[in-house]
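Peer 1: If you read the sequences in order, they're chains A and B. For the first sequence, the working numbering begins at 1 and goes up steadily by one. For the second sequence, the working numbering begins at 1 and goes up steadily by one.
Keep in mind the hints are simulated off the structure, nothing from the lab. Think of the CB as a built atom: it goes at the ideal place given N, C-alpha and C, for glycine as much as any other residue. Please note that a few of the clues may not be correct.
Computed, partial: chain B to chain A, Cβ under 10 Å [unchecked claim]: (1) ALA62; (2) SER75; (3) PRO433.
Here are the simulated DSS-like pairs of lysine-lysine, each with C-alpha atoms no more than 25 Å apart in a straight line [unchecked claim]: (4) A/LYS224 / A/LYS170; (5) B/LYS401 / B/LYS280; (6) B/LYS401 / A/LYS280; (7) A/LYS252 / A/LYS241; (8) B/LYS170 / B/LYS224; (9) A/LYS441 / B/LYS441; (10) A/LYS305 / A/LYS441; (11) A/LYS297 / A/LYS241; (12) B/LYS251 / B/LYS213; (13) B/LYS280 / A/LYS401; (14) B/LYS401 / A/LYS401; (15) A/LYS241 / A/LYS305.
FRET-style restraints, in silico, Cβ to Cβ [stated by the list, open to error]: (16) B/GLY271 / A/ILE443: 45 to 51 Å; (17) B/GLY462 / A/ALA133: 52 to 58 Å; (18) A/ARG272 / B/LEU394: 46 to 52 Å; (19) B/ASP393 / A/VAL278: 27 to 33 Å; (20) B/SER285 / A/PRO408: 41 to 47 Å; (21) A/GLN184 / B/ASP393: 23 to 29 Å; (22) A/ALA133 / B/GLU363: 32 to 38 Å; (23) B/LYS441 / A/LEU218: 36 to 42 Å; (24) A/ASN294 / B/VAL278: 41 to 47 Å; (25) A/ILE443 / B/ALA242: 45 to 51 Å; (26) B/VAL178 / A/ARG272: 30 to 36 Å; (27) A/ASP356 / B/LYS441: 25 to 31 Å; (28) A/THR120 / B/GLN243: 43 to 49 Å.
What follows is each chain in one-letter form.
Number of protein chains: 2
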Amino acid sequence: MLLISKIALYTVVLLLVCAQAGNTLAGGDNAAVQSPKNVILIIGDGMDDHQISIARNYLVGARGRLSLDSMAHRSVVQVLTVDNAQPEKAVYVADSANSASAIASGSVTSRARIATSAGTDKDLPTLVELASAAGFRTGVVTTASVTDATPAAFYAHTNLRYCENPSMMKDALAYGRVPVDCSQDLIANGGLGSIAEQLLSSDLDLAFGGGQKHFAMLGEGSSKSLLVQARESGFELLDSKAQLDKQYPNKKMLGLFARSTLPVVLRGQGGRGAEAAVPKQNGVSLPEAMPCENNPKFADTPSLKLMTEAALAHLSRESQAGFFLMVESASIDKQSHLRNACGSIGEVAQLNEALDSALLFAETHENTLIIVTADHGQAAQLIPSVSLYSNPDLAIYSPGKLFRIITPEGAVMAVNYATNDFVSEEHTGVNVPLFTNGVGKNILPSMLTQPDLFGVMSDYLGLDRQ
Amino acid sequence: MLLISKIALYTVVLLLVCAQAGNTLAGGDNAAVQSPKNVILIIGDGMDDHQISIARNYLVGARGRLSLDSMAHRSVVQVLTVDNAQPEKAVYVADSANSASAIASGSVTSRARIATSAGTDKDLPTLVELASAAGFRTGVVTTASVTDATPAAFYAHTNLRYCENPSMMKDALAYGRVPVDCSQDLIANGGLGSIAEQLLSSDLDLAFGGGQKHFAMLGEGSSKSLLVQARESGFELLDSKAQLDKQYPNKKMLGLFARSTLPVVLRGQGGRGAEAAVPKQNGVSLPEAMPCENNPKFADTPSLKLMTEAALAHLSRESQAGFFLMVESASIDKQSHLRNACGSIGEVAQLNEALDSALLFAETHENTLIIVTADHGQAAQLIPSVSLYSNPDLAIYSPGKLFRIITPEGAVMAVNYATNDFVSEEHTGVNVPLFTNGVGKNILPSMLTQPDLFGVMSDYLGLDRQ
Chain A
1 MLLISKIALY TVVLLLVCAQ AGNTLAGGDN AAVQSPKNVI LIIGDGMDDH QISIARNYLV
61 GARGRLSLDS MAHRSVVQVL TVDNAQPEKA VYVADSANSA SAIASGSVTS RARIATSAGT
121 DKDLPTLVEL ASAAGFRTGV VTTASVTDAT PAAFYAHTNL RYCENPSMMK DALAYGRVPV
181 DCSQDLIANG GLGSIAEQLL SSDLDLAFGG GQKHFAMLGE GSSKSLLVQA RESGFELLDS
241 KAQLDKQYPN KKMLGLFARS TLPVVLRGQG GRGAEAAVPK QNGVSLPEAM PCENNPKFAD
301 TPSLKLMTEA ALAHLSRESQ AGFFLMVESA SIDKQSHLRN ACGSIGEVAQ LNEALDSALL
361 FAETHENTLI IVTADHGQAA QLIPSVSLYS NPDLAIYSPG KLFRIITPEG AVMAVNYATN
421 DFVSEEHTGV NVPLFTNGVG KNILPSMLTQ PDLFGVMSDY LGLDRQ
Chain B
1 MLLISKIALY TVVLLLVCAQ AGNTLAGGDN AAVQSPKNVI LIIGDGMDDH QISIARNYLV
61 GARGRLSLDS MAHRSVVQVL TVDNAQPEKA VYVADSANSA SAIASGSVTS RARIATSAGT
121 DKDLPTLVEL ASAAGFRTGV VTTASVTDAT PAAFYAHTNL RYCENPSMMK DALAYGRVPV
181 DCSQDLIANG GLGSIAEQLL SSDLDLAFGG GQKHFAMLGE GSSKSLLVQA RESGFELLDS
241 KAQLDKQYPN KKMLGLFARS TLPVVLRGQG GRGAEAAVPK QNGVSLPEAM PCENNPKFAD
301 TPSLKLMTEA ALAHLSRESQ AGFFLMVESA SIDKQSHLRN ACGSIGEVAQ LNEALDSALL
361 FAETHENTLI IVTADHGQAA QLIPSVSLYS NPDLAIYSPG KLFRIITPEG AVMAVNYATN
421 DFVSEEHTGV NVPLFTNGVG KNILPSMLTQ PDLFGVMSDY LGLDRQ
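So here's chain A without its partners, still in its complex pose:
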């Protein structure tokens, strides 16, 4: 007995050493039997390392740390895109549709596609569908329309991201200029209908964001609006921030808090955007530096943090099921397209605050895997506020547009937008960062592809990948 006790003691000591040295998840694995597994995937649209560096400098100073900077583990993600006409051919810059589709379905596809395959247009099963089928609750939260590319890729299937509502399915123009044809997805043609209609028929337990305009019209071949159809399908409809404080047990929730994209938190002083430098005799006149200011249009818009907290409460309420929740800060990207650096900074702040709520939730829900990543790179570049080659006799300046910001720590930060000369900047093809909490530390490699990320999340939830 004594010797057996010694063996036991020896074992305990060794296991303790082992656990300390290796961060083994022995404890977590045991606990997994009791506690449901949750995945919170937070996507910063266009949130590459430039966007993070720019936001960090403004929000917490050059030496500061955002919450995402302090997460347990950091990886990098390869963003993969292929050509629709030649699906074996690489394309080096993604859009939000194909990159979200890769994360949501595990398959690389072509730009503008929502969880459908390049070339062959086959529906690709998504995390929301697979998780729902396995008994998990599911939700999407975004600062864009709930029908926008990133959330849509998690629950819908179309050949074009533009088919957000019944009126956009055919003979339409996206952005007033891109011809749209999703006729094969029309319900009349045996399809699943527009993205808004697919949201209503999806297994989603909740969707929060903007996009009222996509639901305020009649459904295809129906005399009822999509809002009426939503209510009849068991959705509680929300359209104001105050409603997020209430509980809606046993209901699905559809929160639409703006006509389209939600207003952003910050903007340039007086609404100023990026401007061109102007050469002059003996030098150059750079755009005047300015602080960011609160965007008055944000007003009573629910923050991404508030929506995230309401979603976490709803998905975890009286449930042993576990959940999959996708949270998107959409306008890091959208404000960069518009060359509004303050706008993007505010949306990184929104993401960071939503992450704080997710981390707090995970403190009391131990098997919660939190992943923060971006879908693709974006145009904004942090360049010197005064050229490295500054010389009083020379006019050296960006050929694009500059947004020069006075940061709270009292320095000037110059953000350059120069990927094109159009009204909207281009995405970039840089690989994007990924951050995870302690739960993800040992299951996420230091580099992975977006389809790999689908694999990590579905394996964590034990989903049956098809």
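Using the hints provided, position chain B relative to the given structure of chain A.
Peer 2: Just chain B now, with coordinates in the frame of chain A:
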């Protein structure tokens, strides 16, 4: 006896489980007593995530992995710079001098400084000095001049990076236009002299790179050239690739393989660089896409890999001392300044091959910490080869210069240079990646500053930080 055997067996099994689960370094720690500790720090100058993504797409394809992608651990590094006149004030974009100084000395300083403090111009003790004082061998290897900012910051102290040789100390113009004054560093004024002179009086065991021109002149107040002084100081002088095959026991080594920067491996077809798009009726004429080709000027230049292997052999030969080696691929940055994407790609390839040699060395020298990082971000941006807003009726194009590359996997990759309209592009302020091997996995956090990196390396070697 039987029970003791059982205990022993049980122990072995548990330790095996433990080692497998946690990659514990228990074995390594024991071995540390016997085996010297080495640090190989590989710096890709300007090698931010854009440069890596661009190089990866070209060298191994969008889905491929470079050796650095497969390293055990990945972090991100905050690049910190301050203003010289107001050293408490943040500056958001670094140059190679201040960023290398931060890594080499642990102190944040201002642009153009070589291991001296912002404002006060005090000498900051460097890794080469501290490691040498503690008995470690030391070396620097670079594809730039050995007196260029990045290597210089590890062994020299000047207020301006331009003071590379005796003729540049006073009343000189760097790049033909920047006024230079390092008069306080003149030997006649009690200073340490130019960077080249400081190299000769340093404790470096070896320096390989370019920069013959900086040593082919008389030393300050001397009738002897720096090359003669070098030989008299115990340096074996090398100037050809073949000499790297030989052994030079008990000698210091100074290998200068080009007049200035070493020629690069790749270039655009026929030497073509980035070009402007040209608007035309009904659209835009983009620069013709091209493959990269071997740069004929590279010819017999020793590769970074070859120089690294020779350095590793020399620093570890018949020694129990351990070493600190800094290896720089300098022209990722220099070719980006010149808007030559193929040039930068070839230099990422050089870094990756040098890393392969370092990893191979570490296989037989177990306490070798390998760190790969960049000093600052650079101008190159991977943008769509055809605009996301492509429309036959619109001419949408970058206002800067484009380098459109046909990749070996048969797609077109567009690299945009648009940070300024000068002959040389600007650096950027993005945070930069860091990669480490298994030895570094548990001692490098997921985010750190450049001064933190100094701390990690000096702690690993057990140096007495001052």
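Peer 1: Now, for every hint given, state plainly whether the structure supports it.
Peer 2: The hints, checked one at a time:
1. ALA62: 4 Å, holds
2. SER75: 6 Å, holds
3. PRO433: Because about 7 Å separates B/PRO433 from the closest Cβ in chain A, which is inside the 10 Å limit, the hint holds.
4. A/LYS224 / A/LYS170: With a Cα-Cα distance of about 20 Å, the restraint between A/LYS224 and A/LYS170 holds, given a limit of 25 Å.
5. B/LYS401 / B/LYS280: 17 Å, holds
6. B/LYS401 / A/LYS280: 23 Å, holds
7. A/LYS252 / A/LYS241: 17 Å, holds
8. B/LYS170 / B/LYS224: 20 Å, holds
9. A/LYS441 / B/LYS441: It holds: about 12 Å lies between the C-alpha atoms, which stays within 25 Å.
10. A/LYS305 / A/LYS441: Holds, at about 24 Å.
11. A/LYS297 / A/LYS241: Status holds; Cα separation ~14 Å.
12. B/LYS251 / B/LYS213: This hinted pair holds, its Cα atoms lying about 23 Å apart.
13. B/LYS280 / A/LYS401: 23 Å, holds
14. B/LYS401 / A/LYS401: 15 Å, holds
15. A/LYS241 / A/LYS305: 12 Å, holds
16. B/GLY271 / A/ILE443: 45 to 51 Å: Holds - the Cβ-Cβ distance for B/GLY271 and A/ILE443, about 48 Å, lies within 45 to 51 Å.
17. B/GLY462 / A/ALA133: 52 to 58 Å: Cβ of B/GLY462 to Cβ of A/ALA133: about 56 Å, so the range 52 to 58 Å holds.
18. A/ARG272 / B/LEU394: 46 to 52 Å: 26 Å, violated
19. B/ASP393 / A/VAL278: 27 to 33 Å: 30 Å, holds
20. B/SER285 / A/PRO408: 41 to 47 Å: The hint (41 to 47 Å, Cβ to Cβ) holds, given that B/SER285 and A/PRO408 are roughly 45 Å apart.
21. A/GLN184 / B/ASP393: 23 to 29 Å: Between A/GLN184 and B/ASP393, where Cβ atoms are some 27 Å apart, the hint holds.
22. A/ALA133 / B/GLU363: 32 to 38 Å: Violated, since A/ALA133 and B/GLU363 (Cβ atoms, about 46 Å apart) do not stay within the stated range.
23. B/LYS441 / A/LEU218: 36 to 42 Å: Once the Cβ atoms are compared, 58 Å apart, the range 36 to 42 Å for A/LEU218 and B/LYS441 is violated.
24. A/ASN294 / B/VAL278: 41 to 47 Å: 43 Å, holds
25. A/ILE443 / B/ALA242: 45 to 51 Å: 50 Å, holds
26. B/VAL178 / A/ARG272: 30 to 36 Å: 33 Å, holds
27. A/ASP356 / B/LYS441: 25 to 31 Å: 28 Å, holds
28. A/THR120 / B/GLN243: 43 to 49 Å: 59 Å, violated
The structure fails hints 18, 22, 23, 28 (numbered hints given earlier, in ascending order).
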